[in-house]
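**Q** What follows is the residue order along each chain.
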Amino acid sequence: MTAELLVSDVFRNAMIAGTIAATVSSLVGYFVVLRAQAFAAESLLDVCFAGATGAALFGLSPVFGMAVFGLGAALGIGALGERAHERSVEIGMVVSFGLGLGVFFLGIYAHGSASHANAGVAILFGSLLSIRPDDLLRIGGMGCLIVAGLAVLFRPLLFSSVDPEAARARGVPVRLVSSVFLVLVALAAASGAMAVGILLAASLLIAPAAAAVRLARRPGRSLLLSVSIGIGITWGGILISFLWPWRQPPVGFTVSALAAVVYFIAVAATRSIYARRGKTIIVGDAAETAQWTSSRKESAKRS
Amino acid sequence: MKGLIELFGYPFIVNALVSGSAVAVASAASGYFMICRRETFAGHALPNVGFAGAAGAVLLGIEPVYGLFAVTLSAAVAMGLLARDLRERDATVGVVMTFTLGLGFLFLALYSGYAARVYGILFGSILGISVPAARLSVGVSAASVGLLAFLYRPLLFSTFDPELARARGVPLLFLSVAFLVLLAIIVSVAVQLMGALLLFTLMVGPAATASRIVKSPLAAIGLSVLLALLYVWIGILVAAVSGTLPVSFCIASLSFLVYLPVRLLRGPPRRTHAADDHHHERVPA
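Chains A and B, in that order, are what the protein sequence lines are.
Position 152, counted from 1, in the first sequence is what our numbering calls 178; the numbers after and before it change by one each time, with no gaps.
Position 238, counted from 1, in the second sequence is what our numbering calls 255; the numbers after and before it change by one each time, with no gaps.
Chain A extracted, bound-state conformation (with noise of 0.2 Å):
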């Protein structure tokens, strides 16, 4: 029985589209943890709600929906806020409109059938499990466009993350990189609202990068451990899910659970470590990456 699920298309495509979400938000999480920026990402989460009740309503695919809410909230939220303070203000009031318009399109939509009120559930908590092979398609294409965005943004986006006042006065556009950052977020969210659900996607966003950025500060290494963190909880979620003895638990279940005890290891390991040696815990050491930015920037200069 389990022998034959492992090599089922089922679970095949939930493989593949968990890898692809899984790597895609863990390297835009980095930033959104070093920016933090977690409840932004939220926020366009919960937008994408909004998005793909609205699309089911119209019949079209959710994927466009979430598109296209969430670019427009996160232009929105680039537009309003420039200050971290007043920006939580703006994505909380962007939060409560979207989830109000979500609940409204799934009032209307959930009105007709049972089956219905089921689809909402399904997008609110998705189902890896239910992944059709032209969904992959889509997640994979919009996968692309955000390792190519985040390629083309690296380094001034690293810098405006770790030092914007710096990056400000070496005339990187601070603004313009955090608006167009907040567009990757977006497309993110929705790759990974496809896979494991709006709710829980925001478990791959920022857990896998949260306990990186702890456990090893140069970029590099934070990214690397980040996708590697990503991809191994989705894939012991979805193994554990899939191997269970007894009533299988929901993907998102095992996925969130274990991003979240990788995550509090994380904080424990580190916090008896420095407590050890007596120094103050900085996360994403700004010094370091600073350094780390210049140094990549004169050996191109070299090379």
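A few of these clues could be false.
[Said to hold, decoys possible] Where chain B lies over chain A, by a calculated footprint (3+ residues, C-beta under 8 Å):
1) 123-129
2) 209-217
3) 261-267
[Stated by the list, open to error] Residues of chain A clear of chain B, computed beta-carbon distances all greater than 12 Å:
4) Val33
5) Ser34
6) Phe37
7) Arg38
8) Phe84
9) Ser87
10) Leu101
11) Leu163
12) Arg164
13) Val206
14) Arg243
15) Arg244
Quick caveat, the hints were computed from the structure, so don't treat them as lab data.
Virtual Cβ for every residue (Gly too), placed ideally from N, Cα, C.
Got chain A; can you put chain B on it based on the hints?
**A** Just chain B now, with coordinates in the frame of chain A:
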């Protein structure tokens, strides 16, 4: 107009109005502090965390409200104690929230009975509130407003000038945990009315609008409470008259439609918080 007056003859409308008003006052008053203390993400997380508690209680066959209290209170204490600086708080709240949402999803999957109760917790059921639940929400809201009034001065002090407050011996960590616990108590009774997904609207919307219009804390809290009451009353009546619109959607739209022009006309608020520079030194805007 006649139809509108007739509405007040229905006991469920009266129940909804009374319990909705109580919850609106408590959420709007604490929402002001939530915004000023930059706990917006925590305020968004707590109702979602509560979803796990409610779903777990339904699975065990007990009243959802007990599960809500148990889970939101422990999450509030955990978030208050674990998260020290902004960047850490951001990640911790995010991880705690998604984990508990996953837990709620597990309970939902294991529960094979009548799932409508669980959906009621996600989307709220203010028009279907029972009389004991309405009484409970009024009592708890009144108690939490009392607690807020009791903590008012030290809370205000520690919110706007944490450095000076620390120097004067105000217990900052205790206050920040106490405030999150207060939010958790309000959330526990309010989730059943407004739904886990949209309760946050009532906490952030009126307070965000009010703090842009008036400057003094007391005036802002008063205006915020007034706006919240208006949103809830209009929301309930519009939903009851239309018959199809969800109450929480009406409230969310109202609060956004009022906020937007105020935001565009008033512009960003002046920097009044001495804490700002200290808090955001290392975090990009």
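**Q** Are the hints correct? Go through all of them and say.
**A** Taking the hints in turn, this is what the structure says about them:
no.	hint	result
1	123-129	holds (count 6)
2	209-217	violated (count 0)
3	261-267	violated (count 0)
4	Val33	holds, 25 Å
5	Ser34	holds, 20 Å
6	Phe37	holds, 18 Å
7	Arg38	holds, 23 Å
8	Phe84	holds, 18 Å
9	Ser87	holds, 23 Å
10	Leu101	holds, 15 Å
11	Leu163	holds, 27 Å
12	Arg164	holds, 23 Å
13	Val206	holds, 14 Å
14	Arg243	holds, 14 Å
15	Arg244	holds, 17 Å
The structure shown violates the earlier hints numbered 2 and 3.
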